[in-house]
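**Student:** Take the sequences, apply the hints, and build the full model.
Counting in this note's numbering, the final residue of the sequence shown is number 347, and the numbers go up one at a time with none missing.
Some clues are possibly wrong.
Unchecked claim - Taking lysine-lysine pairs in the DSS-like style, the calculated list, with each CA pair at most 30 Å apart, reads:
no.	residue 1	residue 2
1	Lys-311	Lys-330
2	Lys-330	Lys-223
3	Lys-223	Lys-98
Said to hold, decoys possible - Computed beta-carbon distance windows for the label pairs:
no.	residue 1	residue 2	range
4	Arg-51	Leu-321	47 to 57 Å
5	Asp-177	Asp-52	19 to 29 Å
6	Leu-129	Thr-46	18 to 28 Å
7	Leu-129	Arg-51	33 to 43 Å
No lab work stands behind these hints, which were simulated from the structure alone.
Don't be surprised by glycine CBs; every beta carbon is placed ideally from N, CA and C.
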Amino acid sequence: MPGPFFSVLISTYNRVHEVQRAVRSCTQQTFRDLEIVVVDDASADGTVSVLTALGESRLRIVQHERNRGISAARATGVKHARGEWLVFLDSDWELFSHALARLRALIDELPAGVHIIRSRLEAADGTVQPGILPSGITGYDERLHWLEELTIARASSDAGHCIHRSVFEATNFFEDRRGAVEGLWETDLARREQSLWVPDILGKQHVDAANSHSRDANASRVISRLLREAPDDLWMAETMLAEHGSALDRLAPLTRRALTERAATQAFLAGDRRRGARHTWEAIRSGSRHGKVWIILGLGLLGPRPLAYGKLAGRRRQRRTRRRAATA
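**Tutor:** And the structure:
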């Protein structure tokens, strides 16, 4: 029996109310040939029983026995997907009702050899992400140019993803990593796969929950997550620098510098002061002269927790700034 055309993959952790909304947005699609695969990453809030009670025949729920992190949850979703095309949805997002119908129409017009469609989302602060959009079909060089533009604008890279299942048969999704390492995965992927970027806004993000893989309003949980995921985030930054450093030097030098600063931050959060100091000095030698790099060094030498609180405060300032800009 052939599988559905689309598999919508939703990863969730203690987001019972939000994941219900995400699932309902899938059931309300005007294009009906789909399945919904929810990967519950060991939630303790009754997620499975609540979703089961929905009685949706197209919904399948896969449970992790222990919390393994967002990358593992997404990899589990890919393994259980039966659809030809895979659409990724965080539990604090919803799809607009026309989203899959629009993706289906775009797929019909795709040039041969293009297996990825990237679209835009309405963020919770009212902005549209990504605010800087690549044009048309892009490959490796175009991705690095885009990352440089995002770095200059301090903009988000969040985007909608619709990917043919064949892409995952020849790529490593880093399922053994806890953190969100899709930035490295997507850059690796761009070396051999092209993407079609479209300006369509196909979904919306919400931030009205207490805990999420992508956002967390509770400070203690955020701090714990930052410290827990720091080793994998450090691995991602260092691997990105090792595998793409020369291309970044050529096409995206500011992004390379930002990655070096990120490696410094994550090393300090992981409790490795020596590596943190080494990456900090590398950032300074590459041209970092702003106050942030000295804050990283100062807080990092105090210990992981002071730096984590500083990082959380910085995130909140950025969100307030974006909200003010959106309403100005």
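**Student:** Compare the structure with each hint and give your call.
**Tutor:** These are the hints, each one checked on the structure:
Using a Cα cut-off of 30 Å, the hinted pair Lys-311 and Lys-330 holds, with the two alpha carbons roughly 10 Å apart. For a cut-off of 30 Å, the pair hint linking Lys-330 to Lys-223 stands: about 26 Å separates their Cα positions. Taking the CA atoms of Lys-223 and Lys-98, the gap is near 26 Å; set against the 30 Å cutoff, the hint holds. Distance hint check: the CB atoms of Arg-51 and Leu-321 are about 56 Å apart, consistent with the given range 47 to 57 Å.
Look at Asp-177 against Asp-52: about 27 Å separates their beta carbons, and that is inside 19 to 29 Å. The hinted range of 18 to 28 Å is satisfied by Leu-129 and Thr-46, whose Cβ atoms lie roughly 26 Å apart. Between Leu-129 and Arg-51, the C-beta spacing of about 21 Å breaks the proposed range 33 to 43 Å.
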